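This is what each chain is made of:
There are 2 protein chains.
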Amino acid sequence: MAGTAGPEIERLIQLLAKLPGLGPRSARRAALHLMKKREALMEPLAAAMAEAAEKIRPCSICGNLDVSDPCTVCRDPKRGDSVLCVVETVGDLWALERAGAFAGKYHVLGGVLSALDGVGPDDLNLASLIERAGNGSVSEVILALNATVDGQTTAHVIADRLAHTGVSITSLARGVPVGGELDYLDDGTLAAAFRSRRPA
Amino acid sequence: MAGTAGPEIERLIQLLAKLPGLGPRSARRAALHLMKKREALMEPLAAAMAEAAEKIRPCSICGNLDVSDPCTVCRDPKRGDSVLCVVETVGDLWALERAGAFAGKYHVLGGVLSALDGVGPDDLNLASLIERAGNGSVSEVILALNATVDGQTTAHVIADRLAHTGVSITSLARGVPVGGELDYLDDGTLAAAFRSRRPA
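So the protein sequences, as listed, match chains H and S.
Per UniProt numbering, the very first residue in the first sequence carries number 1; after that it's consecutive.
Per UniProt numbering, the very first residue in the second sequence carries number 1; after that it's consecutive.
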């Protein structure tokens, strides 16, 4: 692609282009930027990546990514064990932590069931979830999955498999997002917000 | 930002966010993607970056980036020494090489003159350009600078400083881009294409 650049630069560009959000063109720009800021950016980033690759592992309990196993969340004595929040990805876990909305433990599925993408129950951390939910200390499982078709299908399957454990199974409320304008909301969200209306 | 993630992940996200084209949100996504594809992507990318940081240097003749100095272009015996193509950045050099439009040598300015950004003649590879253009073997200097105000100001300044050398100074043609539709072109380009019209 770069033509006159050596194979080292070519390889750097090709690898950068695999990052989400970067295409071949922006990968070239990123590579040039890195070479321009060698000491301030390229060397520290290479070191940070090598360190992360070496140290960061999925938590054997919940699937979160951390340098310690069990992860910081699972080891936190201030977080209760009775409520388990099921999320699709570590990114979703981070989002909930940023919102500060939850003080229990998580369970990261690692994706959602998808016939189209060939993702079955065995490809997700589903068996370990059933086991955790049935260990006696869990009283509620919150299914914080995306409001997509695959997310909701997965939620149904999980609810079905947890039915025998007797734990209470909940999911996130549907409604108008904070700051949302009715005129721009889709019909499904509006209808759900109406159905779940509450005293003002 | 990540909240529960350790400082290693935080640092990786902060550095990734400094790449052009990535913001804080997409840097988080990129970091998660890297950790998911540790062996296939994160480790090779860290190695490629470290290698590039160690080996790649600007060419002392033209300013191109390469693992060898002089660079591959400057050392190529098949490329003539009589025509010098002046570009703003290494990215522009790559673009011209991809187009395969030029078989001479380059000179990378490293930017353009800009009063607003405080870039003066001493911040660019301008003195070395004057020296190269005046060494007797150069007969033409092509100013392949961006068609921006700063780019054109810089072209004028270079033309002025090269006037005494007697080499012929040219710049890229203005006109309708290949595949361009007249209705979507700006007035300046249309007017330039009209002025430079040629026999069909």
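Worth flagging that the hints you see were computed from the coordinates, not collected in a lab.
Computed from a prediction, not measured in an experiment: that's the story for all the values here.
Do not take every clue at face value.
[Claimed, not checked] Footprint (simulated), chain S over chain H, 3 or more residues, beta carbon under 8 Å:
{"hint": "1", "region": "6-12"}
{"hint": "2", "region": "64-71"}
{"hint": "3", "region": "90-101"}
{"hint": "4", "region": "142-151"}
Quick reminder that beta carbons are idealized off the backbone N, C-alpha and C, glycines included.
For each hint, the structure was consulted:
1. 6-12: holds (count 5)
2. 64-71: Result for this restraint: holds, n = 6.
3. 90-101: holds (count 6)
4. 142-151: violated (count 0)
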